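The listed protein sequences correspond, in order, to chains A and B. Position 146 (the first sequence) corresponds to 146 in the working numbering; numbering is contiguous. Position 89 (the second sequence) corresponds to 1089 in the working numbering; numbering is contiguous.
Hints were generated in silico from the structure; no laboratory data involved. Quantities reported herein were computed from a predicted structural model and do not represent experimental measurements. Cβ atoms here follow ideal geometry from the backbone N, Cα and C, with glycine treated the same way. Please note that the accuracy of each hint is not assured.
Stated by the list, open to error - Okay, derived cross-link-like pairs now, SDA-like style, lysine to any residue, Cα gap no bigger than 25 Å in a straight line:
1) A/Lys44 with B/Lys1058
2) A/Lys15 with B/Lys1058
3) A/Lys46 with A/Gly204
To be verified - Cβ-to-Cβ under 7 Å is the rule here; a few derived chain A residues that face chain B:
4) Val9
5) Tyr21
6) Arg30
7) Ile32
8) Ser36
9) Glu120
10) Asp125
11) Leu126
12) Ser128
To be verified - Cβ-Cβ distance ranges computed for the label pairs, FRET-style:
13) A/Leu170 with B/Ser1052: 48 to 58 Å
14) A/Lys201 with B/Asp1012: 16 to 26 Å
15) A/Glu26 with B/Glu1033: 37 to 47 Å
So the chains spell out like this:
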Amino acid sequence: MELEQLKTVWKKTSKQEVEGYFVSKEEIQRLIGKRSNTTISQIKRKIRNKVFMAGGIGLLLLAFASYALVTKEPVFDFFEFISDSKPNLEVGIFYLIFGLVICFISVFNAFSYRKILNIEKRESDLKSSINTILAIVKKAMKVKVYSDSLVVPGTVLALVIIDLVHGIGLFPNVTTLLLFVLGAIAFTSFSYFITRYSQNKRYGSQIRALEECLQELEEER
Amino acid sequence: MNKKRLEQKFIDQVMDAQGIIHKVCGMYCDNAEDRKDLFQEILVNLWNSYSSFRGNSKFSTWMYRVSLNVAIQRIRKANKKKEDVTLPADFDEIAYSAEETLPEKELKMMHAAINQLSDVEKAIVMLYLEERGNEEIAEIMGISQNYVRVKMTRIRKKLKKMVGA
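Bound-form chain A, shown alone (with noise of 0.2 Å):
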């Protein structure tokens, strides 16, 4: 078979489909106003949600820290729950510290969010775009692994901090501490493992098709 040959047939075919497949207008308008479910938008309703999470929560700490630091007057106290009230000086600052990093994290991901945003309204061509969402996806992928593997060191830590300044007896002896800190090394690393394996799973297969799309179009090269 020759390629002509084929594109008589696409020809004849083409015309029959499209008539086939006709769109209204009003069908048109009522399609553009749905969401898209391809991979990059999907990742950008994720981010959208953390910015504004994120941010509501980080804004709702510093006015907790706000309220607790000008007025001096008692808020609710996260340590009253583990030992006795702590003036609202030390309660106001850990708020404050609290929601400074939360407004950071929303922060980054709005920048994130932009960038994707900018790159999706760019012109580019296919071999750009595959470039593009390859590494979105990817670095996606990555944060999901680290943040979510992150979770269990950061809670122990605040464990160990909280005993420590508080002395509330949390790990009354070394060996409990060393055990405490073993088991979070091991839960950490199941954790690692675990979303890596469920991300690969998610994405893999298409990020797979993507390399050997971008591949075949660096060929020249």
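Given the coordinates of chain A, work out where chain B should sit on it, guided by the hints.
Chain B only, in chain A's frame:
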């Protein structure tokens, strides 16, 4: 331009060129449901990036670029393994048959041939079948014109091999 007017302009332009989306869908999908999903996905993505279309290239070139991009990056519901299809020897005769409506067999054979190509080859061959020049194909794909020619030669050989086998 306000959103309503922009939307109207977009719909008018898409109405004139919706064939491009249908052809891309036909090239990358082998069932009606998949095709419907891809059509919607392409349309939504075209609309989302329409505000940034500056007219540096032709509207149709931009449409091909976005459509092919979505078709290639979408998550395939079922990543079916390509069957090793050999086209029947009478394909040549069928291709030259009468001008009347195409029989189902002819359509199936064309798709069988196309399905043997990779996603990138499908994009190049579709643009070629749509009589786009090498310069435009190269612009859409992000490769050199020389490489477009190389790829076309390989595709020709691949298609020939399919019938010859």
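Verification of the hints:
1. For the given pair, A/Lys44 sits about 28 Å from B/Lys1058 by alpha-carbon distance, which is inconsistent with the 25 Å threshold.
2. Simply put, A/Lys15 and B/Lys1058 have alpha-carbon atoms about 22 Å apart, close enough for the 25 Å limit, and the pair holds.
3. This hinted pair checks out: A/Lys46 and A/Gly204 have alpha carbons roughly 19 Å apart, not beyond 25 Å.
4. The restraint placing A/Val9 at the interface with chain B holds, with a minimum CB-CB distance near 5 Å, inside the 7 Å limit.
5. Given hint, A/Tyr21 at the interface with chain B, holds; its Cβ is 5 Å from that chain's nearest Cβ, closer than 7 Å.
6. Given the 7 Å rule on beta carbons, the hint for A/Arg30 is violated: about 10 Å separates it from the nearest Cβ of chain B.
7. The criterion of a C-beta within 7 Å of any C-beta in chain B is met by A/Ile32, whose closest approach is roughly 4 Å, and the hint holds.
8. Taken as an interface hint, A/Ser36 checks out: its beta carbon lies about 5 Å from the nearest beta carbon of chain B, inside 7 Å.
9. The closest approach between the C-beta of A/Glu120 and any C-beta of chain B is roughly 6 Å, which is under the 7 Å cut-off, so the hint is satisfied.
10. Among the interface hints, the one on A/Asp125 holds; its C-beta lies about 3 Å from the nearest C-beta in chain B, closer than the 7 Å criterion.
11. Hint status for A/Leu126: holds, given a least beta-carbon distance of 5 Å to chain B, under 7 Å.
12. Interface hint status for A/Ser128: upheld, as the beta-carbon distance to the closest one in chain B is roughly 5 Å, under 7 Å.
13. A C-beta distance of roughly 55 Å is found between A/Leu170 and B/Ser1052, which places it inside the suggested range of 48 to 58 Å.
14. Between A/Lys201 and B/Asp1012 the beta carbons are some 43 Å apart, a value that contradicts the proposed interval 16 to 26 Å.
15. A hinted range of 37 to 47 Å is violated for the C-beta pair A/Glu26 and B/Glu1033, which are about 22 Å apart.
Hints 1, 6, 14 and 15 from the list above are not met by this structure, while the remaining hints are.
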